[in-house]
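*Asks:* Chains A and B are the protein sequences, given in the same order.
Numbered by the working numbering, the letters in the first sequence go through residues 353 to 710 in order.
Numbered by the working numbering, the letters in the second sequence go through residues 30 to 380 in order.
Hints are computed from structural coordinates only; laboratory data are not their basis.
Heads up, a few of these hints could be off.
Derived CB-CB ranges, DEER-like [what the hints assert, rightly or not]:
1. A:573 with B:356: 39 to 49 Å
2. A:664 with B:327: 46 to 56 Å
3. B:59 with A:707: 48 to 58 Å
4. A:430 with B:319: 39 to 49 Å
5. A:574 with B:119: 52 to 62 Å
6. A:491 with B:342: 44 to 54 Å
7. B:242 with A:491: 48 to 58 Å
8. B:307 with A:543: 25 to 35 Å
9. A:709 with B:327: 42 to 52 Å
10. A:709 with B:307: 14 to 24 Å
11. B:169 with A:439: 28 to 38 Å
Computed far set for chain B versus chain A, every beta-carbon distance over 10 Å [to be verified]:
12. 230
13. 262
14. 281
15. 284
16. 308
Subject to a maximum C-alpha distance of 20 Å in a straight line, what follows is the list of computed DMTMM-like cross-link-like pairs (lysine to aspartate or glutamate) [unchecked claim]:
17. A:709 with A:612
18. B:82 with B:310
19. A:644 with B:241
20. A:430 with A:443
21. A:406 with B:305
22. A:461 with A:388
23. A:644 with B:182
24. A:406 with B:310
In this text the structure is predicted, and so the values were computed from the model without any measurement.
All C-beta atoms in this analysis are idealised placements derived from N, C-alpha and C, irrespective of residue type, glycine included.
These are the residues of each chain, in order.
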Amino acid sequence: MTQHEDNLGGAAIRPAPVDSGAFLQVRELRVHFPTDDGVVRSVDDLSFSVDRGKTLGIVGESGSGKSVTSLSIMGLHKRGTAKITGEILLDGQNLVGMSPERVRLLRGKRMAMIFQDPLSAMHPFYSVGSQIIEAYRIHNKVTKAVARKHAIDLLDRVGIPNPKSRVDDYPHQFSGGMRQRAMIAMALSCDPELLIADEPTTALDVTVQAQILDLIRDLQAEFNSAVVIITHDLGVVAELADDIMVMYAGRAVEYSTAADIFNSPQHPYTWGLLGSMPRLDRERTERLQPIKGTPPSLINVPEGCPFNPRCAYAGTNGDLSFTVRPEFRDVGGGHHIACHLGAEDRLRIWDTEIRPKL
Amino acid sequence: MSTKTETAAADRRLGEDLLVATDLQKHFPIRRGLLQRQVGAVQAVDGLTFTVKRGETLSLVGESGCGKTTTGRLLTRLIEPTGGTITLDGRDITHLSASAMRPMRRDIQMIFQDPYGSLNPRHTVGAIIGAPFRLQKVKTEHGVKRAVQELLELVGLSPEHYNRYPHEFSGGQRQRIGIARTLALRPKVIVADEPVSALDVSIQAQVVNLMEDLQNEFDLTYVMIAHDLSVVRHVSDRVAVMYLGKIMEIADRTSLYERPMHPYTVALLSAVPIPDTNRRDNRERIRLSGDVPSPINPPSGCRFHTRCWKAQEVCKTTEPPLAELAPGHQAACHFPENTTKLTIDPTGSAA
Ligand SMILES: Nc1ncnc2c1ncn2[C@@H]1O[C@H](COP(=O)(O)OP(=O)(O)OP(=O)(O)O)[C@@H](O)[C@H]1O
Ligand SMILES: Nc1ncnc2c1ncn2[C@@H]1O[C@H](COP(=O)(O)OP(=O)(O)OP(=O)(O)O)[C@@H](O)[C@H]1O
Ligand code: SF4
Ligand code: SF4
Ligand SMILES: [Mg+2]
Ligand SMILES: [Mg+2]
């Protein structure tokens with residue numbers, strides 16, 4: 353059985369799940385950080401796209417390059433620290449190599465980001481309200497009073513109690529979860545056409561989380577925005593995402609519709625992720641089942657498939673897993689994976705070994 | 030090292046009350062103006078009474094800002110309570126001075142919410158994990174370095190990590206460094222504030238398993254603070270649900286998840302996102318509407334009444350007591366779910 357067998361049926365081989373014409377297109381993105389110890393390959397040959405009105409969920413291990421990818425799209429890597437190659441097309445314009453001044457003009461209205469770390473996104477010396485007002489007035493010619501009312505409205509919508517009085521508070525006067533909500537208010541203030549939400553709800557309880565996810569849905573319904581949501585919470589992507597990309601060691605290892613990823617995942621790393629989480633919709637198990645081993649170094653990425661030191665199926669297909677990097681390819685209907693296992697093996701393993709245990 | 034008889038004695042004591050909080054309060058003063066006069070207070074924690082039994086895991090869940098971290102900091106005596114008492118192993122530690130507290134400090138330790146911010150980036154892993162030994166002047170059999178390396182192995186890191194710096198580790202490994210530091214002093218109780226929320230689900234599972242193993246090996250008692258209710262169900266023996274500085278419900282895991290009594294708990298459980306795309310459209314989720322109250326001016330009567338879909342007039346005027354409505358299951362509500370008992374006459378004559 354060979355790795356190309358999947359495509360014998362005549363399905364076109366698409367090199368990567370990029371839809372030309374999509375609002376955001378990322379093509380062969382590489383983000384490398386030169387350090388004293390060597391080059392950190394945080395993102396290595398990553399391609400994907402998101403159209404307006406659609407939501408892409410990105411999941412994957414900690415340190416796999418999710419935030420680095422988002423910061424590259426937003427043009428927020430410090431100059432000189434990151435070596436970025438490839439293309440990032442926002443509505444047709446390539447952001448890679450664009451001057452920082454021009455990228456800054458795109459932030460806010462054309463694209464906005466909810467950051468994983470709320471403290472880094474807010475300035476400690478300015479009040480929460482003044483930062484939202486500032487962000488709003490860059491793109492909207494309105495008086496301060498109007499912008500202030502808009503800021504209070506937004507704080508109210510993200511669930512800040514007493515928004516009228518708390519609008520003048522400084523970030524340190526907010527609890528962790530309140531800061532995160534204030535930042536979400538800031539990101540949503542200009543109704544961005546592309547919203548990247550990096551762990552938007554990790555510091556929030558589930559009722560506030562549900563409220564924030566509703567807000568993101570509303571934004572999308574009203575302004576037809578493209579949304580990228582990055583999270584460790586597989587429940588959140590199951591509810592919100594149209595498509596899901598799974599990342600490992602700076603690369604995409606699986607990409608498909610959300611329903612496919614949850615109902616017929618085909619990559620061993622995705623199996624591992626689904627198998628390690630506790631689930632409220634199942635009986636409680638005695639012991640969780642993590643993927644064995646530790647994340648790979650991004651300086652000396654393992655030869656062949658980067659997942660091979662931790663994969664129970666490495667070696668199923670000769671020594672390909674140890675010597676040849678698996679190509680990220682379409683295995684039918686736009687479902688992409690990077691794995692040497694043949695179609696029959698994958699289906700058999702999923703049906704007999706993985707699915708019964710989920 | 031404990032002898033056989035001591036171990037047997039410890040076994041017998043498993044399950045008895047180890048940590049007891051009684052009417053615990055923390056009000057942060059709000060000061061304004063040149064003279065910094067107090068104009069009000071954030072009632073972050075407002076009258077908590079609960080016990081933690083030896084060897085168990087009690088989880089605190091609830092809305093962001095409801096006082097979970099503050100409770101953790103009170104229990105570990107990192108901040109001074111405004112009122113109430115805390116006893117640890119039968120001893121009142123509520124107002125122990127820093128020096129009187131020092132020997133007790135070893136017994137109760139905290140794992141902090143942020144694995145990135147809580148490790149000093151300029152110190153090596155060896156220095157970070159070794160610090161508690163040095164600060165507490167603990168004698169070790171083969172020196173601090175050996176002790177630290179043993180701890181590294183215990184949490185699944187390798188002894189050669191001794192000289193590395195925090196930024197060279199992934200999030201999950203950093204979390205383990207934090208755990209190793211906490212374990213250095215062999216505490217009896219660990220308060221773990223969101224120990225896994227920043228980690229991917231596989232590393233989460235590793236850390237959860239590690240904490241379970243350590244609990245079994247050292248009879249540890251955990252107070253866990255977490256937002257992820259699936260993780261909470263997995264790790265907890267009992268769960269306390271907090272809202273605006275108070276406990277709304279506290280019960281055994283099974284009882285709480287299968288028969289939640291407080292409307293806020295019911296709303297929380299209904300909002301948990303389920304990792305199943307087939308159930309996307311047919312979920313019945315309770316959306317909380319109404320004003321989100323502030324801990325500066327908490328609502329009268331039941332604190333949840335501004336957002337509760339079951340609220341009646343009496344809820345605005347009379348605070349429901351935290352009452353035992355089933356064995357081991359307490360809830361503070363006038364009109365609880367999943368029980369036939371009422372804490373008050375529903376006709377309102379008690380109001
Ligand atoms: N400025 C930098 N210099 C060197 N390495 C970096 C830099 N920024 C990020 N990295 C490395 O790049 C990798 C990817 O980091 P990134 O923050 O994108 O991970 P992530 O997928 O968002 O993880 P998490 O889920 O934990 O947030 C990590 O190994 C990180 O250590
Ligand atoms: N040092 C402080 N001064 C004033 N108010 C404070 C202080 N620390 C906490 N608070 C307030 O006390 C309340 C409870 O905060 P706490 O950090 O305990 O919440 P939490 O339940 O841990 O929330 P989260 O889930 O967001 O971490 C919040 O309203 C917060 O703003
Ligand atoms: S290529 Fe080999 S090592 Fe990589 S995921 Fe597939 S089976 Fe596992
Ligand atoms: S006491 Fe009344 S307001 Fe409070 S939770 Fe019960 S029904 Fe709702
Ligand atoms: Mg990240
Ligand atoms: Mg907290």
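*Asks:* If a hint holds in the structure, say so; if it doesn't, say that too.
*Replies:* The hints, checked one at a time:
1. A:573 with B:356: 39 to 49 Å: holds (48 Å)
2. A:664 with B:327: 46 to 56 Å: This hint holds: roughly 53 Å between Cβ atoms.
3. B:59 with A:707: 48 to 58 Å: Since the Cβ atoms of residue 59 (chain B) and residue 707 (chain A) sit about 55 Å apart, the hinted range of 48 to 58 Å holds.
4. A:430 with B:319: 39 to 49 Å: The hinted range 39 to 49 Å holds for residue 430 (chain A) and residue 319 (chain B), with Cβ atoms some 44 Å apart.
5. A:574 with B:119: 52 to 62 Å: Cβ of residue 574 (chain A) to Cβ of residue 119 (chain B): about 60 Å, so the range 52 to 62 Å holds.
6. A:491 with B:342: 44 to 54 Å: holds (47 Å)
7. B:242 with A:491: 48 to 58 Å: holds (53 Å)
8. B:307 with A:543: 25 to 35 Å: Cβ of residue 307 (chain B) to Cβ of residue 543 (chain A): about 32 Å, so the range 25 to 35 Å holds.
9. A:709 with B:327: 42 to 52 Å: Since the Cβ atoms of residue 709 (chain A) and residue 327 (chain B) sit about 46 Å apart, the hinted range of 42 to 52 Å holds.
10. A:709 with B:307: 14 to 24 Å: Given about 18 Å between the Cβ atoms, the range holds.
11. B:169 with A:439: 28 to 38 Å: At 56 Å between Cβs, range violated.
12. 230: Per Cβ check, residue 230 (chain B) is inside 10 Å of chain A; nearest 4 Å; violated.
13. 262: With a cut-off of 10 Å, residue 262 (chain B) comes too close to chain A, as the shortest Cβ separation is near 6 Å.
14. 281: For residue 281 (chain B), whose nearest Cβ neighbour in chain A is about 13 Å away, the distance exceeds 10 Å, so it holds.
15. 284: holds (13 Å)
16. 308: Label violated. Min Cβ-Cβ 8 Å, cutoff 10 Å.
17. A:709 with A:612: holds (18 Å)
18. B:82 with B:310: Since the Cα atoms of residue 82 (chain B) and residue 310 (chain B) sit roughly 41 Å apart, the hinted pair is violated (cutoff 20 Å).
19. A:644 with B:241: holds (17 Å)
20. A:430 with A:443: violated (24 Å)
21. A:406 with B:305: Holds - the C-alpha atoms of residue 305 (chain B) and residue 406 (chain A) are around 19 Å apart, at most 20 Å.
22. A:461 with A:388: violated (38 Å)
23. A:644 with B:182: holds (16 Å)
24. A:406 with B:310: Satisfied, since the Cα-Cα distance of roughly 17 Å is no more than 20 Å.
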